[in-house]
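> Take the sequence shown: its letters are residues 7 to 315, numbered as in the numbering used here.
The hints are simulated quantities; they were obtained by calculation from the structure and are not laboratory data.
Errors might be hidden in some of the hints.
Unchecked claim - Below 20 Å or equal to it, Euclidean Cα-Cα: the simulated DMTMM-like pairs (lysine to aspartate or glutamate) are:
1. LYS196 x GLU184
2. LYS206 x GLU311
3. LYS146 x ASP87
The structure presented is a predicted model; accordingly, all values stated were derived computationally and were not measured.
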Amino acid sequence: MKSIDAIDDVVYRNTIKREANYQKKYDQLIESGVVTPYRDGQAIYGESFVNIMNLFDRLFYCWAKEDLAVEFTVPEFYHEDDLNQCNYLEQFHPQCVFTACSDKGTLDTEQMSYTGYVNNPAVCMHCYILHKDSVVEDYKLIRMTVKGRCKRKETAGYQYLERLHDFTMREIVFIGPENQVIHKREKYMKLVTDLISTLKLEGNIKVASDPFFKKEDQAKAEFQKKFKLKYEMNLINWDTGNEIAVGSFNYHHSHFAQAYNIRMPNGLPAHSCCIAFGLERLAYVVISQIGLEKTQIILKNYLQEHGYA
Numbered sequence: 007m008k009s010i011d012a013i014d015d016v017v018y019r020n021t022i023k024r025e026a027n028y029q030k031k032y033d034q035l036i037e038s039g040v041v042t043p044y045r046d047g048q049a050i051y052g053e054s055f056v057n058i059m060n061l062f063d064r065l066f067y068c069w070a071k072e073d074l075a076v077e078f079t080v081p082e083f084y085h086e087d088d089l090n091q092c093n094y095l096e097q098f099h100p101q102c103v104f105t106a107c108s109d110k111g112t113l114d115t116e117q118m119s120y121t122g123y124v125n126n127p128a129v130c131m132h133c134y135i136l137h138k139d140s141v142v143e144d145y146k147l148i149r150m151t152v153k154g155r156c157k158r159k160e161t162a163g164y165q166y167l168e169r170l171h172d173f174t175m176r177e178i179v180f181i182g183p184e185n186q187v188i189h190k191r192e193k194y195m196k197l198v199t200d201l202i203s204t205l206k207l208e209g210n211i212k213v214a215s216d217p218f219f220k221k222e223d224q225a226k227a228e229f230q231k232k233f234k235l236k237y238e239m240n241l242i243n244w245d246t247g248n249e250i251a252v253g254s255f256n257y258h259h260s261h262f263a264q265a266y267n268i269r270m271p272n273g274l275p276a277h278s279c280c281i282a283f284g285l286e287r288l289a290y291v292v293i294s295q296i297g298l299e300k301t302q303i304i305l306k307n308y309l310q311e312h313g314y315a
């Protein structure tokens, strides 16, 4: 893998030729009842699909535990005050799913009351809220991992399982000294490079920006790309030919630490990074390339070979 300082935006690429007699896996998943589409980017997943999600999650969890990360469970909502503290809603409110309730005797959906809570668009911000107004002890990294349900409104719409309204994320978060945080991000990019290569998947790791920046915030998206704050793990969905981001490696600089007052012993704000994987999307796109049964076999073997089974 190239250094993350490489001029080329693509730091790793694996090219695999699709078989000539390829048959769409999404259709097979539906016909066999493994996936039952619901509506608006939602689906019901059968046991064999869930097993693959769990195998991937087991791998990422083991990576985190090898790094001495502590696992937490987190609420499925943020209060708007906490999101406003890091300026999240101002920038990304179009993709947020807000909560409301009925406090009248009869149901009137047009008159429901906003609760002040927002469904998790990601789970990592709970980690920063947890360490709000704290000091990183002895310049040692804070290491956390969380898994949770997330909800986003995709303004571009939903297709297959490429973009989902409701999905599961495994995230690994590091807070602390700048050099250690950057080192951790590069380490996980190398781990993913090995995963893509070993599983013989068609994909890449390259510089990216968050797709849900508003038009008026495009300068921030360009800043994110210019300074390589975000890299994505992309795999090709062989059903559609689309390149799908299934994981991300995000360096936040001191943004969240400043927002939530997380400081180093010298009083300066800490730095942070987050490594995140969308489990449904990842499972589906890998299945699209190598099939349902083969994916389970290869993943089980990979876990066993690395002592994670």
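> Check the structure against each numbered hint from earlier and tell me which ones fail, lowest number first.
3
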